[in-house]
Amino acid sequence: MSNDVAPKRLKLRSKPSRTADKVFFAVAKAAGYSSFVLVAAILFFLMLRAWPAFESQGVVNFIFGAGWNSTTDPQIFHLGPMLYGSLLIAAIGVAFAVPMAISISYFISFLAPERVAKIATVIVDLLAAIPSIVIGLWGLGVFSPVAAEWGRMLSEALGFIPIFSNAVDIFLRSPFIASLVIAVMIVPIIASITREIFSQMDQEIIKGAMALGGTRESIFRKVILPTASGGIVGGVLLALGRAMGETVAIFFVLNLTFDDFNWFKILEPSGGAVASLVLARFNEALDTELSALLAAGVVLFVVTLIVNTIASYIVAKAQPWRKL
Amino acid sequence: MTDTLAQPRPKNAAPWEKLGSRVRFASWITSLVPAAIFVAAWLGLQLDFMAALLAIFLPIQLAFGAWAGFYSYGRKGVNDGLLMVVTFFFSTFVLVLLASVIWSVISEGAAALSPHFIYQNNRYITGTTGLEIGGAGHAILGSVIITGITTVITVPLAIATAVYLTETRDGARGVVRTLLQALAGLPSVVAGLFIYSMLIVSGWSSQVGVMASLALIPLMLPTISRVAEEALRLVPSELRNGALALGAPSYKAFFMVTLPAAKSGIVTAVLLGVARIIGETAPLILTAVIANETNANPLAGGMATLPTYIYNFLYLGDATSLQRAWGAALVLLIFVGILFVGARVASATRVGSKPKRRKK
Amino acid sequence: MSNLNHLETKDINVWFGERHVLRDVSLQFQNNHVTALIGPSGCGKSTFIRTLNRMHELIPTAGLSGQVLLNGEDIYAQAVDPVNVRINIGMVFQKPNPFPTMTIRENILSGLKLSGRKIEDGDGLVETSLQRASMWNEVKDRLSEPALSLSGGQQQRLCIARSLAMDPNVLLMDEPCSALDPGSTRRIEETILELKENMTIVIVTHNMQQAQRVSDSTAFFLSENGNPGEVVEFDTTENVFKRPKDDRTNEYVNGRFG
Chain A
1 MSNDVAPKRL
11 KLRSKPSRTA
21 DKVFFAVAKA
31 AGYSSFVLVA
41 AILFFLMLRA
51 WPAFESQGVV
61 NFIFGAGWNS
71 TTDPQIFHLG
81 PMLYGSLLIA
91 AIGVAFAVPM
101 AISISYFISF
111 LAPERVAKIA
121 TVIVDLLAAI
131 PSIVIGLWGL
141 GVFSPVAAEW
151 GRMLSEALGF
161 IPIFSNAVDI
171 FLRSPFIASL
181 VIAVMIVPII
191 ASITREIFSQ
201 MDQEIIKGAM
211 ALGGTRESIF
221 RKVILPTASG
231 GIVGGVLLAL
241 GRAMGETVAI
251 FFVLNLTFDD
261 FNWFKILEPS
271 GGAVASLVLA
281 RFNEALDTEL
291 SALLAAGVVL
301 FVVTLIVNTI
311 ASYIVAKAQP
321 WRKL
Chain B
325 MTDTLAQPRP
335 KNAAPWEKLG
345 SRVRFASWIT
355 SLVPAAIFVA
365 AWLGLQLDFM
375 AALLAIFLPI
385 QLAFGAWAGF
395 YSYGRKGVND
405 GLLMVVTFFF
415 STFVLVLLAS
425 VIWSVISEGA
435 AALSPHFIYQ
445 NNRYITGTTG
455 LEIGGAGHAI
465 LGSVIITGIT
475 TVITVPLAIA
485 TAVYLTETRD
495 GARGVVRTLL
505 QALAGLPSVV
515 AGLFIYSMLI
525 VSGWSSQVGV
535 MASLALIPLM
545 LPTISRVAEE
555 ALRLVPSELR
565 NGALALGAPS
575 YKAFFMVTLP
585 AAKSGIVTAV
595 LLGVARIIGE
605 TAPLILTAVI
615 ANETNANPLA
625 GGMATLPTYI
635 YNFLYLGDAT
645 SLQRAWGAAL
655 VLLIFVGILF
665 VGARVASATR
675 VGSKPKRRKK
Chain C
685 MSNLNHLETK
695 DINVWFGERH
705 VLRDVSLQFQ
715 NNHVTALIGP
725 SGCGKSTFIR
735 TLNRMHELIP
745 TAGLSGQVLL
755 NGEDIYAQAV
765 DPVNVRINIG
775 MVFQKPNPFP
785 TMTIRENILS
795 GLKLSGRKIE
805 DGDGLVETSL
815 QRASMWNEVK
825 DRLSEPALSL
835 SGGQQQRLCI
845 ARSLAMDPNV
855 LLMDEPCSAL
865 DPGSTRRIEE
875 TILELKENMT
885 IVIVTHNMQQ
895 AQRVSDSTAF
905 FLSENGNPGE
915 VVEFDTTENV
925 FKRPKDDRTN
935 EYVNGRFG
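Protein chains in written order, with the working numbering: chain A, 1 to 324; chain B, 325 to 684; chain C, 685 to 942.
Derived by calculation from the structure, the hints in this document are not laboratory data. Incorrect hints may appear among the rest.
In the DSS-like style, the derived pairs of lysine-lysine whose C-alpha atoms are separated by at most 27 Å in a straight line are [claimed, not checked]:
#1 K22(A) / K797(C)
#2 K926(C) / K880(C)
#3 K587(B) / K118(A)
#4 K22(A) / K802(C)
#5 K207(A) / K400(B)
#6 K587(B) / K29(A)
#7 K587(B) / K779(C)
#8 K207(A) / K29(A)
#9 K797(C) / K587(B)
#10 K118(A) / K207(A)
#11 K317(A) / K222(A)
#12 K929(C) / K779(C)
#13 K824(C) / K797(C)
#14 K587(B) / K22(A)
#15 K779(C) / K797(C)
#16 K797(C) / K29(A)
#17 K400(B) / K222(A)
#18 K694(C) / K880(C)
Just a few of them, taken from the derived set where beta-carbon distance is under 7 Å, the chain C residues facing chain B [stated by the list, open to error]:
#19 I743
#20 P744
#21 R770
#22 M775
#23 K779
#24 N781
#25 F783
#26 P784
#27 L793
#28 G795
#29 S799
We put the CB at the ideal spot given by N, CA and C, even for glycine.
Sequences are here, hints too, so could you generate the full structure?
Shown next, in the form of structure tokens:
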């Protein structure tokens, strides 16, 4: 069997051979492509209506400037304090949520007996299922007074540090409270990703570390955390995206200040959140302001899109078993 | 009795489960003493709970944890003790937060709940009207209608998308998956602004129920398609190939073999999708007027939903308003709870799935 | 059917992506004959058997050249619908794959439903198919139980019965006993010997004794040093095992490698 002529090669493509199959695959393909259409439509229509605001305010001023007033002439719609406030609250919220999420994931994956682990998993998932309006209601009705008291104590004890100082002696509706409420909402996001990564972790590595005489703590610090860090970072970014997009829960527990940046005084009742701004101004807004609110939506969409895309990339990298 | 070499297992056939007496002693001390000191300090000195917790309990507990580790395992046990204390402390904290949310909704909500709260509407009700009349009936109806329309539109689309991702070899699947992930992170208020800018500003429609339904589609789509994709992927390829080898066209192999095998996963996907949108608030506020009256027509007039009902009364802020909000929150949470339990039951009975790897 | 070489391949070459995995395989499968395909893992015999009913092309990067002739007609010809090919050429897989959402009875009839054919005498067909797979007596009282309630060996025979219900001319078996216990393996081998009265059977097997027990002809596949797999020797089973012409065949059938 020797021939030097390479055999002619057929390209096989299992093309659907029947009409019904062609229809089946065409429908599936159309559905798949509909998410292109959806994302494109969101960007297009928001941009279309937001354009006048970008044009009259200037893109840079709109995003980074301060002040939001429809009664002045010319009207001022600058998003800076809101955008910064969103980032600040999301960042502090994440800082509160990360230790809780990692602790509970570690508890579920490595410490708890199977039964307890199952119940704890249900609890975390349940926390994720609570609607944000309910968290907002709880935040306003139950949590805010308590957290304001914590804020007062913090300020009394550590007020000499600028971030804990409070010149107005009102502790309600501060970024501190908003970020605690946000933390409650994003703990389950970070926890579920962390837990998944912990549970898929190669047990052989951990056994190996144990055989080398590792203690719980040294294995956690030197083996588990470094291995899971990629996934945790991804989960944190996903949570950051979610936190920045959160609307109603923040709306009720934060005092929006449009004119000034509140750079770091997290206990004072003044902060910003883009999504809450939309809710706060939407009903009274007339054409130019409406356009500015839609522009705020564009900015929010783009920022969360970037954060989420990076996050899903990192999470996908950290979870190779999720690939095909 | 026949002669046998087998012996009954002694009760103590697991020497590794016997904690050393030192370990047991240290564990008891460590779990009880700091808590006792904390309770004494909290009640005795009339300290604020949180201050006592953070300033007294946590340091003492950490010290005891470190001591217990040292007492049981020597120097290398110290860090283990600290790790355990921190882990348990934060885990308990999460538990307490959740318990606080659930408990306040149940206790405050139950006070507002009454038969007429379930079926009456909000007509003639102001922020201060007593709870003897008025209810969230119109909002429950609105939630069912708006969520229902979204579900009817989105479920086929999402499942077809999942089919696209699992059953075709199209080159753009990676991009579509990325876009779906992007949509999963879409701020809900942006979804509302999208429909508002596309259909309402342009004057094609006013703020009616069906607009709210449309605004919820981009929020529901990624949830269902992701879970459904996973469910379809869990169907072993041998089944698919088995059907094709019997001479099935692809669509029949899918509908008769793959889909039934993934049924419970698909049900889970739909339930999770509904749970995802039933509590959405911001997009509804932007796209549908919050009505006070019962309206079953999604094409005309405003429509209230449970979340916007809560929002509305939370906004008014009077004492009775807040009570109404709690009542509606309880109803909403019951809906979510039913969906949640349903999803768990459905996913527990998944056919053809591999048992989830659990590591201890 | 009087045609002696009722299924045959001519110069089958197979690629996965750019990798050439099978080279110039030309075999003839006679009617009422069992042909065994043997060879070490990775030699391409499982890939080859999948080219015989066009299951091969379901793998995304698959490529192929050559012809597979069924009664003289190329099943890869332009106008041929792969669905019709698979209806005529049944296949049993390595792992038993009964449809988990269907009962035993529904599994037997699933082929007809899936290929969109009319079921005329359902009960009769179920009975004859199960009888031909020699499991009628075991399951006749539990036809409406789910297929997964059967044991592994029974599941595999159910899959054989499911293929038989389609009344194929050719039955392809890809290591059908590799996941089964010795008892179930023996029963399936008995079934194979009964079935060959009416059809052409091609079986991939790792088990040398099994090849000797059930097959009339044997093809030995080998892929050396990363070269594409080839048929080293193709002859009657007796000749391949007792009087191999090629040294490599001799070494393999006597268990010196593979």
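To see whether the hints hold, each was checked on the structure:
With a CA separation close to 19 Å, the supplied pair K22(A) and K797(C) stays within the 27 Å bound. For a cut-off of 27 Å, the pair hint linking K926(C) to K880(C) stands: about 23 Å separates their Cα positions. Proximity of K587(B) to K118(A) is assessed by CA-CA distance (about 24 Å); at most 27 Å being required, the pair is judged to hold. Restraint check for K22(A) and K802(C): the C-alpha separation of about 23 Å stays at or below 27 Å, so the hint holds.
Of the pairs offered as hints, the one joining K207(A) and K400(B) holds, with about 18 Å between alpha carbons and a cut-off of 27 Å not exceeded. Pair hint K587(B) plus K29(A) holds up; C-alpha atoms about 21 Å apart against a cutoff of 27 Å. Between K587(B) and K779(C), the direct Cα distance comes to roughly 22 Å. Compliance with the 27 Å bound is thereby established for this hinted pair. Among the hinted pairs, K207(A) with K29(A) is inconsistent with the structure: their alpha-carbon atoms are about 46 Å apart, more than 27 Å.
Proposed proximity of K797(C) and K587(B) is supported: the alpha carbons are some 19 Å apart, at most 27 Å. Distance check on the hinted pair: K118(A) and K207(A) sit about 23 Å apart at the alpha-carbon level, within 27 Å; holds. Between the alpha carbons of K317(A) and K222(A) the distance comes to roughly 20 Å, so the proposed pair stays at or under 27 Å and holds. The hinted pair formed by K929(C) and K779(C) fails the criterion: a straight-line CA distance of about 34 Å is larger than 27 Å.
In summary, the hint linking K824(C) to K797(C) is supported, as the alpha carbons are separated by about 21 Å, within the 27 Å threshold. About 24 Å separates the Cα atoms of K587(B) and K22(A), which keeps this hinted pair within 27 Å; it holds. With a C-alpha separation of about 22 Å, the suggested pair K779(C) and K797(C) falls inside the 27 Å cut-off, and the hint holds. Taking the CA atoms of K797(C) and K29(A), the gap is about 26 Å. The hint holds against a cut of 27 Å.
Restraint check: the Cα-Cα separation between K400(B) and K222(A) comes to about 14 Å, which is no more than 27 Å; the hinted pair holds. Between K694(C) and K880(C) the CA atoms are separated by roughly 23 Å; this keeps the pair inside 27 Å, and the hint holds. Nearest Cβ of chain B to the Cβ of I743(C): about 10 Å, over the 7 Å cut. The hint is violated. Taken as an interface hint, P744(C) checks out: its beta carbon lies about 5 Å from the nearest beta carbon of chain B, inside 7 Å.
For R770(C), the interface hint holds, the least distance from its beta-carbon to any beta-carbon of chain B being 4 Å, beneath 7 Å. Here the hint on M775(C) is kept, as its CB sits about 4 Å from the closest CB of chain B, short of 7 Å. This hint holds: K779(C) has a C-beta 5 Å from the nearest C-beta of chain B, less than the 7 Å allowed. Among the interface hints, the one on N781(C) holds; its C-beta lies about 4 Å from the nearest C-beta in chain B, closer than the 7 Å criterion.
Annotation: F783(C) was flagged as interfacial toward chain B, and the flag holds, the nearest CB pair being 5 Å apart, inside 7 Å. For P784(C), the shortest C-beta to C-beta distance to chain B is roughly 5 Å, which falls under 7 Å, so the interface hint holds. For the restraint placing L793(C) at the interface with chain B, the shortest Cβ-Cβ distance is roughly 11 Å, beyond the 7 Å limit, so the hint is violated. For G795(C), the suggested interface contact is upheld, since its CB lies about 4 Å from the closest CB of chain B, less than 7 Å.
Hint status for S799(C) relative to chain B: holds, with the closest Cβ pair at about 4 Å, below 7 Å.
Violated hints, in rising order: 8, 12, 19, 27; the structure is consistent with all others.
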